[in-house]
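Novice: Spelled out, the chains give:
2 protein chains.
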Amino acid sequence: MNTRKNAVSKKEIILQEAARLFKDRGFGGTSMRDLAERVGIEAASMYNHIRSKDEILEEICFRIAREYVAHISEIEHADMSYREKVQALIGLHVKMITEDPHAVSVTNNDWKSLNAAAMASFKEIRKDYEKRFAALIQKGIEQGEFRAVHVSVALFTILSSLRWIELWYKPEREITKEELQKDITAILMNGINA
Amino acid sequence: MNTRKNAVSKKEIILQEAARLFKDRGFGGTSMRDLAERVGIEAASMYNHIRSKDEILEEICFRIAREYVAHISEIEHADMSYREKVQALIGLHVKMITEDPHAVSVTNNDWKSLNAAAMASFKEIRKDYEKRFAALIQKGIEQGEFRAVHVSVALFTILSSLRWIELWYKPEREITKEELQKDITAILMNGINA
Chain L
1 MNTRKNAVSK KEIILQEAAR LFKDRGFGGT SMRDLAERVG IEAASMYNHI RSKDEILEEI
61 CFRIAREYVA HISEIEHADM SYREKVQALI GLHVKMITED PHAVSVTNND WKSLNAAAMA
121 SFKEIRKDYE KRFAALIQKG IEQGEFRAVH VSVALFTILS SLRWIELWYK PEREITKEEL
181 QKDITAILMN GINA
Chain D
1 MNTRKNAVSK KEIILQEAAR LFKDRGFGGT SMRDLAERVG IEAASMYNHI RSKDEILEEI
61 CFRIAREYVA HISEIEHADM SYREKVQALI GLHVKMITED PHAVSVTNND WKSLNAAAMA
121 SFKEIRKDYE KRFAALIQKG IEQGEFRAVH VSVALFTILS SLRWIELWYK PEREITKEEL
181 QKDITAILMN GINA
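Chains as they are written, first to last, in the numbering used here: chain L, 1 to 194; chain D, 1 to 194.
Wrong hints could be hidden among the right ones.
[Unchecked claim] Derived lysine to aspartate or glutamate pairs resembling EDC-like cross-links, with alpha carbons at most 20 Å apart:
no., chain 1, residue 1, chain 2, residue 2
1, D, Lys127, L, Glu174
2, D, Lys23, D, Glu166
3, D, Lys112, L, Asp110
4, L, Lys11, L, Glu37
5, D, Lys127, L, Glu172
6, D, Lys127, L, Glu166
7, L, Lys112, D, Asp24
8, L, Lys127, D, Glu172
[To be verified] Chain L regions said to be covered by chain D (calculated; three or more residues, Cβ under 8 Å):
no., stretch
9, 29–42
10, 143–151
Because the hints were derived from the structure by calculation, they are not lab data. Note that CB positions come from ideal geometry on N, CA and C, so glycine has one too.
Please put together the full structure from these sequences, using the hints given.
Specialist: Structural data, given as structure tokens:
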């Protein structure tokens with residue numbers, strides 16, 4: 001039991017350190033040896049926890065993707081206005097990016113290095129998520145909650161602002177997570193509100 | 001005289017076709033031979049018009065960068081409110097991306113392939129442009145034209161939405177350039193307006 005638990009947490013550490021390394025050096029620029037060194041175990045014993053670098057990337061990307069999907073499913077069924085739903089999704093993105101920046105960044109950028117089957121599946125999940133996000137905006141427009149714009153323009157304006165946070169949001173800007181959340185929510189929600 | 005004019009327009013064609021190829025295959029994935037074939041001239045005679053692939057990339061990136069800088073200089077000195085100034089910059093970005101999509105895309109993505117000196121100079125121009133854009137937002141906040149948010153959040157929300165247009169704006173979405181311009185301006189300006 002203890003050994004099993006230990007194995008799980010070692011795997012967690014491997015995934016966390018892998019996300020850091022992939023973010024800093026890119027997926028292609030990171031070797032299993034680099035990763036073993038960072039985690040502080042023998043390269044050979046890495047394979048007790050994880051089969052391959054590909055598997056690590058899959059675990060990172062699909063874990064993040066599943067988290068977004070779980071939240072949008074919850075939000076879709078919640079008893080809230082469309083404004084509240086879209087605001088909750090914006091909040092989710094900011095939270096994920098500020099709390100798990102390496103894994104989110106790897107998911108945003110290195111999914112292109114997934115193997116063909118995994119990439120197809122990942123793209124499908126992402127497309128489905130975008131469609132469901134768009135549907136919430138569309139319904140909000142129909143209900144008169146949001147201004148009458150092309151839904152794609154609203155969707156991608158929101159998503160691109162959120163995805164880019166990882167590229168500019170740095171400690172030296174002296175903006176707390178809460179301030180970031182507050183300001184970006186104000187700009188995006190006022191942007192689309194009718 | 002005529003020969004000189006001919007040489008200039010052939011160079012123009014080379015730059016345009018290069019931007020297309022770099023966008024489709026990446027800078028690294030495009031050879032001078034590919035480019036000569038696309039332009040319809042002998043690979044050897046390419047060098048009558050252009051010295052190297054590096055020079056082509058520099059011409060593309062700095063031409064686009066200079067265009068943004070020329071416009072922001074004009075806008076800074078214009079007799080307009082800060083709202084009008086920021087709106088004019090948003091309009092400029094949408095216009096550049098919809099009218100010259102390949103060159104803008106290459107500038108956004110392949111500047112990382114510039115040689116070290118050119119890259120340093122390009123990054124300086126880009127940083128200067130961002131600072132000047134931020135200053136217009138900051139002054140607009142101080143004047144009470146824009147809501148009181150961290151200027152970086154406003155700046156990067158705007159810039160990321162605009163830079164990402166190239167990735168999602170496709171003919172099959174059936175949104176005209178004018179509609180894109182109108183919708184994205186409405187969302188971003190209402191987003192930041194006080």
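Novice: State for each hint whether it applies.
Specialist: Evaluation of the provided hints:
1. Lys127/D / Glu174/L: holds, 19 Å
2. Lys23/D / Glu166/D: Satisfied, since the Cα-Cα distance of roughly 11 Å is no more than 20 Å.
3. Lys112/D / Asp110/L: Between Lys112/D and Asp110/L the Cα gap is close to 17 Å, so the pair holds against 20 Å.
4. Lys11/L / Glu37/L: holds, 14 Å
5. Lys127/D / Glu172/L: Between Lys127/D and Glu172/L the Cα gap is close to 16 Å, so the pair holds against 20 Å.
6. Lys127/D / Glu166/L: holds, 17 Å
7. Lys112/L / Asp24/D: holds, 16 Å
8. Lys127/L / Glu172/D: holds, 16 Å
9. 29–42: violated (count 0)
10. 143–151: This one holds; 3 residues, not fewer than the three required, reach chain D with a Cβ under 8 Å.
In this structure, only the earlier hint numbered 9 is contradicted, and the remaining ones agree with it.
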